[in-house]
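Engineer: Sequence:
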Amino acid sequence: SSGRGAMLLRILPRAAALLMLCVQLLHASVLPAVSSYEFTAYRMQQYAVQQEKHGCRGAIVQAEARSADEPVLTRRCVIMKLPDFTVERYLEALRQSAAAVLLLLPKNMSAVPQDIIQTFMVSESEALLKDTIMPVYVTLEDEQLLYMYEEVKHAAASRTSSILVRGNMVTATVFQILVSNTSPIKPITDNTIITLEGVLPGAGEDAPTIVITAHYDSYGLTPWLSYGADSNGSGVTILLELVRLFQKLYSNPHSQYHLLFSLTGGGKYNFLGTKRFIEENMDHTSLLHDNVAFVLCLDTLANGDDMFLHVSRPPKPGTPQHAFVQHLEQVVSSRFPWVRFGMVHKKINLGESTVSWEHERYAMRRIPGFTLSHLEDPKAELRGSILDTVFSQSKSGKESLARFMYNLSDKGSPKDIQVFKGQMEFQDSRMSSLMSFLTSIPRATQLDKDPKHAILVNTLEHELRYYLHQVHRHTFRQDKRYKTDRRTLVIKPAAFDLFLGGCIAAYLAIVYYAIEVGRHSQFTLVYIDCPFSNKPCHWIQKSAFSQRGY
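Going letter by letter, the sequence shown gives residues -28 to -1, 1 to 522 in mature numbering (1 follows the signal peptide of the UniProt record, and there is no 0).
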């Protein structure tokens, strides 16, 4: 018994120390496990054009967060920052059947290097071309999300087979990503596309018409983050400034041309607003019915020192289109010699389900037109990206248009003459205000029910009504898609449950062992007073006391 007691006295301090260590580990790991962080993320859009499906069909996610550096991504939610989102990594997530991709966007895009932006735009375009069940969500970075990213990144870097790392995995914090809205996602078929038009009438009822148009909607990986500065906030801004300037020119004297300005919706979805607008106005009472000189479409004009005129067929000499192109070349060479100008000829392929530029919608109705853009490739990724946020000005188009309309070359005017100067010059402050307004509202076609979208359309209509005559709003029905909230729960891996169970079992074993040893080796000292004995009083063991029958 004395040997057992001594062994117990040696074991108990060690067991207590081990138990305290377990408590410390539990205290450090259990508390974060009960916390959660809820945030809003936006799902990659899903749509169909001419029976071709694009985007992601999935929405519900409940999976453990993992870094894109992990070798195994199956049934995991892959967390990526902007530099991580490449075509290779996105395709790898698809190949491994990842549960979802969560993309963290920086709030300050101006600090992101241009090469990373370009790489992301390529990946974004590739993702939107595919039809996939894997949900892709986008959210803006914050402190909590960056902490989660660094944690999963660190876990991926230290995931080896060593015992030390395995021990760290037991108490490591992992993150469970789940969607808070689990209701079925259904397409909404009652959203609308709105097109606005207004006129500056020329001299005479039979005067030919010049149509100047731009689509105002934006496009990107997710509708709620698509602000479209260059594509096509720049086209809308320049059109509205042309409206103001030509309204002054048309006050006196009148031009021999009618000017029809239009702002169309659905441009990013095969120019559906333009298509419906043309169909509605191809009658004998419309300026589009006949005698249209040409249609000038403004698309992506903000950045770069290039300018391209996209045509479906080269303009023939002696036509209004050919004369305008000549004026445009003269203005660019005399006043903007640093600008590289060129004409891009692309035939319309009726076998394709989509068109590349807005003027192709008019060309299908045998209405001559072209698109002015600083992009040479109609498939450039900049035309559909959530990173399209930068704007600058283009001033050569307005001079070319004025020289053509007032026939300045035939009148012997110098090539470098300025029609728009002084108070008739582009107002930088007004254009900056217009662009700031346009890029403060996501203008995706799917968001027509958003109150901000109503403010956008009403403001554009107000601008047209202030300067133009016969302003009309045309409303067409089209399709809409979705928004979902997400939240992340900070939890522990399955190994943590095993570790916790082991700690509880060890604690119970220690308690049981202490009770058992104490029951067999405990000494109870009893004082015995012996009044019938001459022997002195003494202490005896309780067990002996019991054996004697006392």
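No lab work stands behind these hints: they were computed from the structure. Honestly, I wouldn't trust all of these hints.
Restraint ranges, calculated between C-beta atoms of paired labels, are given here [claimed, not checked]:
| no. | residue 1 | residue 2 | range |
| --- | --- | --- | --- |
| 1 | Y438 | T326 | 30 to 36 Å |
| 2 | A352 | Q442 | 43 to 49 Å |
| 3 | E122 | R449 | 45 to 51 Å |
| 4 | Q90 | K319 | 42 to 48 Å |
| 5 | S258 | E348 | 29 to 35 Å |
Okay, derived cross-link-like pairs now, BS3-like style, lysine-lysine, Cα gap no bigger than 30 Å in a straight line [to be verified]:
| no. | residue 1 | residue 2 |
| --- | --- | --- |
| 6 | K421 | K247 |
| 7 | K102 | K79 |
| 8 | K79 | K53 |
| 9 | K288 | K25 |
| 10 | K220 | K421 |
| 11 | K421 | K79 |
Glycine included, each C-beta is placed from N, C-alpha and C at the ideal position.
Engineer: Each of the hints needs a verdict: does it hold here or not?
Structural biologist: Right, here's what the structure says about each hint:
1. Y438 <-> T326: 30 to 36 Å: Holds, at about 35 Å.
2. A352 <-> Q442: 43 to 49 Å: Between A352 and Q442, where Cβ atoms are some 35 Å apart, the hint is violated.
3. E122 <-> R449: 45 to 51 Å: At roughly 47 Å between Cβ atoms, R449 and E122 fall inside 45 to 51 Å, so the hint holds.
4. Q90 <-> K319: 42 to 48 Å: Since the Cβ atoms of Q90 and K319 sit about 29 Å apart, the hinted range of 42 to 48 Å is violated.
5. S258 <-> E348: 29 to 35 Å: 33 Å, holds
6. K421 <-> K247: 22 Å, holds
7. K102 <-> K79: The hint holds at about 27 Å.
8. K79 <-> K53: It holds: about 12 Å lies between the C-alpha atoms, which stays within 30 Å.
9. K288 <-> K25: Roughly 39 Å separates the two Cα atoms, so the pair is violated.
10. K220 <-> K421: Given pair K220, K421 is violated - Cα atoms ~36 Å apart, limit 30 Å.
11. K421 <-> K79: 26 Å, holds
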